[in-house]
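Top to bottom, those sequences are chains A and B.
Numbering follows my numbering, with no gaps: position 202 of the first sequence is 214.
Numbering follows my numbering, with no gaps: position 13 of the second sequence is 25.
Hint data in this document are derived by calculation from the structure and do not stem from the laboratory.
Remember, it's a predicted structure, so these values are computed and weren't measured experimentally.
Heads up, a few of these hints could be off.
Chain copies aren't distinguished; within one or between two, either way the pair holds.
Said to hold, decoys possible - With a cut-off of at most 20 Å between alpha-carbon atoms, the simulated DMTMM-like pairs for lysine to aspartate or glutamate come out as follows:
1) Lys-53 - Glu-266
2) Lys-288 - Asp-83
3) Lys-288 - Asp-181
4) Lys-163 - Glu-149
5) Lys-163 - Asp-272
There are 2 protein chains.
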Amino acid sequence: MKIVRAWALGALLSVAAATAEPLPSDWRAVDPDNLVLIDTKYGQVAVEIAPEFAPNHAARLKALIRARFYDGLSFYRVIDGFVAQGGIGEGTASTKDHPVEAKTLSQWPPLKAEFDRVSAPEPAFTPLGNPDLTAPEVGFEDGFPVARDPKDGREWLVHCPGTFAFARDNGPDTATTEFYIVIGQSPRRLDRDLTAFGRVLAGMQYLQKLERGDPDVDSGVIADVSRRDPIMRVRLASDLPVGERPAFRVMRTESKSFADAVEARRHPTSPFYFRKPPPVLDICGVPVPVRHGPLQ
Amino acid sequence: MKIVRAWALGALLSVAAATAEPLPSDWRAVDPDNLVLIDTKYGQVAVEIAPEFAPNHAARLKALIRARFYDGLSFYRVIDGFVAQGGIGEGTASTKDHPVEAKTLSQWPPLKAEFDRVSAPEPAFTPLGNPDLTAPEVGFEDGFPVARDPKDGREWLVHCPGTFAFARDNGPDTATTEFYIVIGQSPRRLDRDLTAFGRVLAGMQYLQKLERGDPDVDSGVIADVSRRDPIMRVRLASDLPVGERPAFRVMRTESKSFADAVEARRHPTSPFYFRKPPPVLDICGVPVPVRHGPLQ
Chain A
13 MKIVRAWALG ALLSVAAATA EPLPSDWRAV DPDNLVLIDT KYGQVAVEIA PEFAPNHAAR
73 LKALIRARFY DGLSFYRVID GFVAQGGIGE GTASTKDHPV EAKTLSQWPP LKAEFDRVSA
133 PEPAFTPLGN PDLTAPEVGF EDGFPVARDP KDGREWLVHC PGTFAFARDN GPDTATTEFY
193 IVIGQSPRRL DRDLTAFGRV LAGMQYLQKL ERGDPDVDSG VIADVSRRDP IMRVRLASDL
253 PVGERPAFRV MRTESKSFAD AVEARRHPTS PFYFRKPPPV LDICGVPVPV RHGPLQ
Chain B
13 MKIVRAWALG ALLSVAAATA EPLPSDWRAV DPDNLVLIDT KYGQVAVEIA PEFAPNHAAR
73 LKALIRARFY DGLSFYRVID GFVAQGGIGE GTASTKDHPV EAKTLSQWPP LKAEFDRVSA
133 PEPAFTPLGN PDLTAPEVGF EDGFPVARDP KDGREWLVHC PGTFAFARDN GPDTATTEFY
193 IVIGQSPRRL DRDLTAFGRV LAGMQYLQKL ERGDPDVDSG VIADVSRRDP IMRVRLASDL
253 PVGERPAFRV MRTESKSFAD AVEARRHPTS PFYFRKPPPV LDICGVPVPV RHGPLQ
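Given the sequences, and given the hints that come with them, work out the whole structure.
Structure representation (structure tokens):
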């Protein structure tokens, strides 16, 4: 007996499903120098960083990666529905036998915050096309979800599932080495209060498998070091031999194809929606298409 | 060397952190007859259902559970950032050696949709206190995130992470046996278009470990049956011996304690927020406190 119910739900996901095949020119190849590959025991997570939003944080991240800083450390604070945070973790050896003493904070002094930057002109910034609850305006830029404030002419990356950022202490200029990746409902209250400068292109499902901490105990830090899942290896794609670099393309968010995809999501034509949803989109609920595989 | 950066982030999560200890009367014991326990190979997921929002769907679910319908079936359509869908799955044996032929649709005829209901009066409905992008008004009712439309006097459960609902085919009145649970950014476009009638109280991290399908292939259905993670067992807590029933309490969303917790989230006082976030909350980003353990 064949049961087909709810298959139509799937049509909601393929943002480009209702539109024509995008042109090759509608895709941007991800620069391997901005492609961070995080190996977990569950699989590889690919993060594209946006140095133009936080040049000093991006440079620090690359330096840390090239110093092999993260290799063998761990995801020591993982809170379901919120963030996976990785790095040293409160000065304990993050995993057994790791020479954490050689990785002191003195080598990596606190960074000045890079919470926002001067807004890019349109069409680089492509407005989503409807209001947002948190920010004066939201849209996309180079495939990243971005907010901006026309009053002060600043823009910033917003916290959506997959957003990559540096953690910090209470002061604004206190980030050094620790990073987090959003794994739950968009914590938009963090926008412009932490330095966000990347997003996951692939591998969210591996982050979702990470061992969790208890959010009510020590802010979700996993006290038992042996329970923490390791950060096995972090590399920049550009540091790998050319033949070993994964190739990613991201749909250009200023393209007609993306505009069509957003429109198709806003006004779905699938018969599944016998009652049409309100024509309003959540900036964190609009997927930016990513393709993984060799460039053609 | 002690590193304390970003610990303060944790304060964001404990919604009640900044408030006084709630009174015992601020908690509601979850009725074991509305507590669905789904055993996955990763751990147990506890779902509270809300029969008052969808009496026929709730009765069907209980009947299916008591018929052992789901035991041995699988999560056959799991899409990262969207939903985990379980049940028979397109008429294939969901897992090996399962007598799916004995579980034909004819036993479980399509249900009339229960997308919404007459609004409950306040204070049962407790407004969130700020606008929503999707619905005319949002708030909480018995711990569930709810939207309502003052124009037609109807209310409905909204799709947040953890929302439990029945899947359906294209027609509104086509749900029979298949369920889904939201595991990603709130898909609010599904609100009032599917029958949602529950939410996960505990165990989201186990759903996040489920084997994923490819959303671009067959709507995310996992074609290889052997790769699907099984639904090992589903029980109503009230069908277990009293000593084996897990006890859950949910903070009363009409209580002063919850109002204080929402206020503390809206206007955080932690020094981590040297710059205060906009005082606007996402209905799907406000946790309703849950306690697991014996009633005291």
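Right, here's what the structure says about each hint:
Taking the shortest alpha-carbon separations for Lys-53 and Glu-266, neither the intra-copy value of 36 Å nor the inter-copy value of 44 Å comes in at or below 20 Å. Taking identical chains as interchangeable, the C-alpha atoms of Lys-288 and Asp-83 are never at most 20 Å apart, the minima being 48 Å within one chain and 35 Å between chains. In the homo-oligomer, the alpha carbons of Lys-288 and Asp-181 lie at most 20 Å apart only across protomers (15 Å), although the nearest pairing inside one protomer, at 45 Å, exceeds that limit. Only within a single protomer do Lys-163 and Glu-149 lie at most 20 Å apart by alpha-carbon distance; the minimum there is 11 Å, versus 28 Å between protomers.
In this assembly of identical chains, Lys-163 and Asp-272 lie within 20 Å of each other by CA distance neither inside one copy nor across copies; the values are 29 Å within and 32 Å between.
In summary, the numbered hints that this structure violates are 1, 2 and 5.
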